[in-house]
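In this note's numbering, the protein residues as written are 89 to 242.
To be clear, the hints were calculated from the coordinates, so they are not data collected in a lab. If you're wondering where the values come from, they're calculated on a predicted model, not measured in any experiment. Incorrect hints may appear among the rest.
With beta-carbon atoms standing in for the labels, derived distance ranges [to be verified]:
(1) Ala-198 to Val-89: 28 to 34 angstroms
(2) Thr-189 to Arg-98: 15 to 21 angstroms
(3) Gly-175 to Leu-153: 27 to 33 angstroms
(4) Leu-242 to Glu-200: 34 to 40 angstroms
(5) Val-93 to Ala-173: 18 to 24 angstroms
(6) Ala-173 to Thr-102: 28 to 34 angstroms
(7) Val-233 to Ala-173: 22 to 28 angstroms
(8) Asp-204 to Asn-120: 19 to 25 angstroms
(9) Thr-184 to Ala-92: 36 to 42 angstroms
(10) Thr-184 to Val-93: 32 to 38 angstroms
Each residue gets a CB set at the ideal place from its N, CA and C atoms; glycine is no exception.
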Amino acid sequence: VLMAVLEYVRGGGTAVLCNNFPGAMSSESTQNFFASAGLPWELGAYHRTTFHLNPDADLVADSALLLSTLPWACNMNAVQLSNVADGDAWFRPNATSKINTLASRFGGIAAEPVTDLKNTGAACAKVGLGKLGYVGDVNSEEDSVRIMLAMLGL
């Protein structure tokens with residue numbers, strides 16, 4: 089199925105990997121799939137944090153519509169990607185992002201800062217004639233759905 093998705097994307101289609109995708113495949117299978125697409129992407133950290141829009145991402149910067157409709161920040165419980173080029177990373181943590189846990193939200197324990205600011209919760213890249221997107225949120229929250237729909241041009 090994944091090779092059919094890549095064939096569709098290379099031919100000019102758009103596909104977004106989201107929802108259960110990160111948890112349904114092994115890290116090795118996911119890395120092999122991305123490598124088949126010509127992308128160095130790998131599964132990275134998994135936690136809830138606030139991600140911030142990268143207005144300089146290639147496909148975002150080229151679209152006034154995306155810049156006006158995408159949230160500037162969103163809180164996601166996400167399987168993040170590492171090794172994503174700056175131009176492909178749509179949402180990344182920044183210096184103010186904290187790792188949100190139940191203990192930090194309800195237990196009075198201070199939330200720890202995110203240390204790897206290069207991981208991304210949402211990415212989209214040109215592959216062949218099309219686009220391949222990724223939204224790592226495992227809960228399909230409202231902002232994540234907005235990001236996925238934006239990647240699809242809807």
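Hint check results:
1. Between Ala-198 and Val-89 the beta carbon distance is about 44 angstroms. The supplied range of 28 to 34 angstroms is therefore violated.
2. Checking the proposed 15 to 21 angstroms range against Thr-189 and Arg-98 shows it is violated: the Cβ atoms sit about 40 angstroms from each other.
3. Between Gly-175 and Leu-153 the CB atoms are about 18 angstroms apart, so this pair departs from the stated range of 27 to 33 angstroms.
4. The supplied range of 34 to 40 angstroms is met by Leu-242 and Glu-200, whose beta-carbon atoms lie about 36 angstroms from each other.
5. Here the CB-CB span from Val-93 to Ala-173 is close to 21 angstroms, well matched to the stated 18 to 24 angstroms.
6. Checked against the given bound of 28 to 34 angstroms, the beta carbons of Ala-173 and Thr-102, roughly 18 angstroms apart, lie outside it.
7. A hinted range of 22 to 28 angstroms for the beta carbons of Val-233 and Ala-173 is consistent with their spacing of about 25 angstroms.
8. Range check, Asp-204 to Asn-120: Cβ separation about 23 angstroms, and the 19 to 25 angstroms hint holds.
9. Against the hinted window of 36 to 42 angstroms, the Cβ-Cβ separation of Thr-184 and Ala-92 comes to about 41 angstroms, which satisfies the hint.
10. Taking the beta carbon of each, Thr-184 and Val-93 are about 35 angstroms apart, inside 32 to 38 angstroms as hinted.
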